[in-house]
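**Q** Sequence:
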Amino acid sequence: MTMEQQEAKQINHGSKEKKAIMHSLINNNPKPSSEAVMRLASVAISFNVTLRSSDMPVHMQEHALRYTGSLLSHDDPSHHKPTHTHLARALKKEFDSAYGPAWHCVIGKSFGSFVSHTGGGFLYFSIDSLSVLLFKTEVHLVTEPPPL
15 MTMEQQEAKQ
25 INHGSKEKKA
35 IMHSLINNNP
45 KPSSEAVMRL
55 ASVAISFNVT
65 LRSSDMPVHM
75 QEHALRYTGS
85 LLSHDDPSHH
95 KPTHTHLARA
105 LKKEFDSAYG
115 PAWHCVIGKS
125 FGSFVSHTGG
135 GFLYFSIDSL
145 SVLLFKTEVH
155 LVTEPPPL
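Under the working numbering, read the sequence shown as residues 15 to 162, first letter to last.
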């Protein structure tokens, strides 16, 4: 049993649904290639990024780091630095358009969080002193009002 499988077993000791989701994530998502991991590390170093926590495929992590870095690194001195709200909105919209709806983004220098996310849809990183939390939730279509 791999280390990931052991961790999934420990995390999911109470829920059959959670176990099925974790089993799917572990067994259906092959480990990223060492080349992909090295590319992600290179991007992280180039933008001075610290990856704090992730449950996201490497290519999506790289997309988030590159996109956020591009928003923050404008060499034109006349260009105004974007606000945290503008950064969060831009990153959320980028991921909504690239990977489907229901992405959420929190950006700031100091915040607490406790969120639920879909499997493979969570990333927490910092660039210098700015922290970025990006996560995806499920969308359920409501067809009828709830009973009173």
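A couple of the hints might just be wrong.
[Claimed, not checked] Now the in silico label distances, taken between C-beta atoms and shown as ranges:
#1 Ser-48 <-> Ser-127: 52 to 58 Å
#2 His-94 <-> Ser-48: 38 to 44 Å
#3 Lys-107 <-> Pro-71: 31 to 37 Å
#4 Thr-97 <-> Pro-159: 22 to 28 Å
#5 Pro-161 <-> Ser-140: 42 to 48 Å
#6 Ser-87 <-> Ser-67: 22 to 28 Å
#7 Val-153 <-> Ser-87: 21 to 27 Å
#8 Leu-155 <-> Leu-65: 30 to 36 Å
#9 Leu-162 <-> Gly-126: 34 to 40 Å
#10 His-98 <-> Val-153: 22 to 28 Å
[Claimed, not checked] Subject to a maximum C-alpha distance of 27 Å in a straight line, what follows is the list of computed DSSO-like cross-link-like pairs (lysine-lysine):
#11 Lys-45 <-> Lys-123
#12 Lys-95 <-> Lys-107
#13 Lys-123 <-> Lys-95
#14 Lys-106 <-> Lys-95
These aren't lab readings, by the way, just hints derived from the structure by calculation. All residues carry an ideal CB built from backbone N, CA and C; glycine is no exception.
**Q** Looking at the structure, which of the earlier hints fail to hold?
**A** Of the numbered hints, 1, 3, 4, 7, 11 do not hold.
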